[in-house]
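With these hints in hand, go ahead and build the complete structure from the sequences.
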Amino acid sequence: MGGQVVFYFFHWVASDLGGRGGDDWVDRYVESWINVSGCMLGAVKDLTAVLSGEMRDTAQLNAFAVYGLEKFLSKDERAE
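Residue numbering for the sequence shown follows full-length UniProt numbering, starting at 1 and increasing by one per position.
It is worth saying that the hints were derived from the structure and are not from the lab.
Zero decoy hints are in this set.
Computed beta-carbon distance windows for the label pairs:
#1 Ser74 x His11: 37 to 43 Å
#2 Ser15 x Leu73: 35 to 41 Å
#3 Ala63 x Trp25: 40 to 46 Å
#4 Gly18 x Ser74: 39 to 45 Å
#5 Phe64 x Trp33: 20 to 26 Å
The beta-carbon is built from N, C-alpha and C at its ideal position, and this holds for glycine as well.
Have a look at this one:
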């Protein structure tokens with residue numbers, strides 16, 4: 001639900017009837033935004049289910065998920 005709230009806020013702040021920030025407010029004040037497991041008119045898929053391969057439709061991603069996990073968090077960092 002948080003993804004939808006942020007998306008609504010981005011449109012509200014730019015609106016003349018809302019925040020009156022202008023069309024470029026989001027470009028000026030928001031450097032980046034990552035929607036992790038947020039439902040944006042699609043299926044909700046939890047990050048842990050994708051990485052673990054517990055679900056049948058994501059089981060083939062296991063080697064890719066391990067690579068992605070190692071790329072961002074080493075074994076030493078995960079042990080902490």
